[in-house]
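2 protein chains.
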Amino acid sequence: MTLTERLDFYRKLTEDALTHALSSENEQYYPSIFKAARYSALSGGKRLRPALTMEFCRVCGGTLEQAVPFAAALEMVHTYSLIHDDLPCMDDDDLRRGRPTNHKVFGEATAVLAGDALLNRAFETVLDPENTGNLPAETVLRAARCLAEASGMDGMIGGQIMDIESEGRQISQETLMLLQRLKTGCLIKAAAVMGCILAGRSDPETLGAAECYADNLGLAFQIEDDLLDIEGDITKFGKPIGSDAENGKVTFPALLGTARCHELVRELTDNAIAALRDFPAHAFLDDLANYLVSRDY
Amino acid sequence: MTLTERLDFYRKLTEDALTHALSSENEQYYPSIFKAARYSALSGGKRLRPALTMEFCRVCGGTLEQAVPFAAALEMVHTYSLIHDDLPCMDDDDLRRGRPTNHKVFGEATAVLAGDALLNRAFETVLDPENTGNLPAETVLRAARCLAEASGMDGMIGGQIMDIESEGRQISQETLMLLQRLKTGCLIKAAAVMGCILAGRSDPETLGAAECYADNLGLAFQIEDDLLDIEGDITKFGKPIGSDAENGKVTFPALLGTARCHELVRELTDNAIAALRDFPAHAFLDDLANYLVSRDY
Chain A
8 MTLTERLDFY
18 RKLTEDALTH
28 ALSSENEQYY
38 PSIFKAARYS
48 ALSGGKRLRP
58 ALTMEFCRVC
68 GGTLEQAVPF
78 AAALEMVHTY
88 SLIHDDLPCM
98 DDDDLRRGRP
108 TNHKVFGEAT
118 AVLAGDALLN
128 RAFETVLDPE
138 NTGNLPAETV
148 LRAARCLAEA
158 SGMDGMIGGQ
168 IMDIESEGRQ
178 ISQETLMLLQ
188 RLKTGCLIKA
198 AAVMGCILAG
208 RSDPETLGAA
218 ECYADNLGLA
228 FQIEDDLLDI
238 EGDITKFGKP
248 IGSDAENGKV
258 TFPALLGTAR
268 CHELVRELTD
278 NAIAALRDFP
288 AHAFLDDLAN
298 YLVSRDY
Chain B
8 MTLTERLDFY
18 RKLTEDALTH
28 ALSSENEQYY
38 PSIFKAARYS
48 ALSGGKRLRP
58 ALTMEFCRVC
68 GGTLEQAVPF
78 AAALEMVHTY
88 SLIHDDLPCM
98 DDDDLRRGRP
108 TNHKVFGEAT
118 AVLAGDALLN
128 RAFETVLDPE
138 NTGNLPAETV
148 LRAARCLAEA
158 SGMDGMIGGQ
168 IMDIESEGRQ
178 ISQETLMLLQ
188 RLKTGCLIKA
198 AAVMGCILAG
208 RSDPETLGAA
218 ECYADNLGLA
228 FQIEDDLLDI
238 EGDITKFGKP
248 IGSDAENGKV
258 TFPALLGTAR
268 CHELVRELTD
278 NAIAALRDFP
288 AHAFLDDLAN
298 YLVSRDY
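Chains A and B supply the protein sequences, listed in that same order.
Start counting the first sequence at 8; every next residue gets the next number (our numbering).
Start counting the second sequence at 8; every next residue gets the next number (our numbering).
Any given hint could turn out to be false.
[As the list claims (entries may be wrong)] Straight-line distance between alpha carbons at most 27 Å, and here's what the computed BS3-like set of lysine-lysine pairs gives:
(1) A/K53 <-> A/K19
(2) B/K111 <-> B/K53
(3) B/K53 <-> A/K256
(4) A/K19 <-> A/K42
(5) B/K53 <-> B/K19
(6) A/K53 <-> A/K42
(7) A/K53 <-> A/K111
(8) B/K256 <-> A/K111
(9) A/K256 <-> B/K111
(10) B/K42 <-> B/K111
(11) A/K256 <-> A/K42
(12) A/K111 <-> A/K42
(13) A/K42 <-> B/K19
(14) B/K111 <-> A/K111
(15) B/K42 <-> B/K53
These are computed hints drawn from the structure, not numbers from a lab.
None of these values were measured; they are calculated from a predicted model.
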């Protein structure tokens with residue numbers, strides 16, 4: 008399979024799992040929350056996190072069946088964070104992936120609850136023995152814990168609060184690095200690490216390499232995202248260009264200049280790829296790292 | 008121990024666990040989210056759900072140590088739902104338990120994130136082996152799943168969306184029963200059932216009796232709450248009297264009349280108590296049921 012074929016394959020598996028997880032017999036009584044959750048969860052997107060979980064699991068000798076529920080759960084957590092980030096009291100965005108944001112379509116109250124529901128459903132999904140009963144209970148607990156820690160106050164939510172509080176203020180490069188590592192890095196790291204755990208590979212060397220790859224990849228990806236907000240094309244980017252500056256966000260290009268940012272993206276990507284040199288088969292993950300920062304897709 | 012002594016004892020254990028769970032080394036970098044989470048989680052409250060988990064666990068032969076992390080997690084889920092319910096886009100309430108609501112003190116963005124953080128922390132807490140490593144992995148998974156299902160789209164969040172969508176509309180008694188069973192009943196049922204599971208008692212008779220007790224208790228409690236919104240005293244109730252009618256909420260007294268509601272509270276309480284007749288020691292749970300609907304505390 009080529010890189011894009013494999014990504015499409017993983018995307019299809021993720022979207023099937025999301026469709027299944029976000030349906031219920033209770034839709035007859037209160038359909039709007041399920042519609043709102045599916046609207047955002049199935050609105051396209053690269054499905055980067057699920058791809059990392061499935062690929063790390065595969066490379067470590069696990070099966071797709073073991074990885075899919077956790078891959079879908081990661082995407083539910085990611086989606087809920089976008090819905091809440093877009094709310095009027097947060098970034099107040101009208102567009103996401105080229106479509107009206109959740110609260111623009113369903114109203115604020117339903118958008119808040121749809122976000123809550125997606126976060127909760129992530130845990131329901133990985134704790135359901137119908138999905139994960141084929142794994143040892145200890146493995147499910149360990150991987151679920153990894154997800155919970157990455158998405159909480161000491162992970163993604165910590166990054167979101169730092170982001171809000173630094174709006175319109177000058178912050179240092181170190182603070183911006185911490186903010187981005189928490190806000191987007193933690194979940195990307197969890198995606199890679201969970202893949203290894205689910206395949207039964209929890210030795211410190213394996214998890215350390217996966218973490219190092221994901222940490223570098225996550226930061227490269229974020230800097231590239233900041234660059235696209237300046238240099239990008241709205242038809243590919245899916246949201247208005249220049250919205251970071253408009254929202255008073257401190258970005259890497261603003262702190263370091265665009266030339267240095269392009270260099271840094273290259274360095275971080277090379278570091279990511281180097282971290283996997285002792286991994287059994289890492290061609291797809293190497294290609295993925297290069298692909299994610301080229302963005303000619 | 009008397010009823011109130013035991014409730015105080017359980018409350019203290021819950022609040023110690025909450026204080027511990029909502030602290031972090033990361034407070035030095037972004038203190039506001041931890042402050043906001045503790046503000047609402049440690050603002051008093053009856054701690055009914057934790058008391059049910061600890062007491063059902065005790066009655067079924069388990070230890071307090073086994074029950075406390077799940078009791079605290081339940082309270083985090085309950086607290087997050089109150090923070091999000093109070094938001095301007097939801098019920099738009101300024102007071103909760105006699106104090107300004109979370110968004111009034113910390114702003115809307117932080118309140119949304121503090122709610123998210125509390126929900127997430129509930130799962131972090133029960134999945135952390137430092138808290139629950141003394142239990143078999145299968146037991147942790149089963150109890151955590153019980154929590155996740157009760158608080159999700161097919162449980163509490165389902166009730167919240169029904170509540171929002173029925174505002175200002177006429178709904179039937181059956182619909183109101185379903186709404187309340189989901190919105191408040193599911194979490195109360197999970198509190199009782201989790202206590203049994205944590206003590207290693209997962210036979211259908213035990214879980215069925217615990218569910219029946221909690222289902223009747225939850226509904227009685229809700230009807231009593233509706234009555235207090237009409238007949239209550241703001242200094243005891245902690246929020247403005249008459250706010251249900253003002254918010255266009257359909258309540259049991261509006262549908263059935265206050266006289267029938269008082270009768271129903273009595274019947275449901277008696278049913279709750281009767282459900283436990285084969286339980287080993289149920290004096291505290293009997294007293295608790297009577298106490299909760301007397302509200303002379």
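Check each numbered hint against the structure and report the violated ones by number, ascending. 3, 11 and 13
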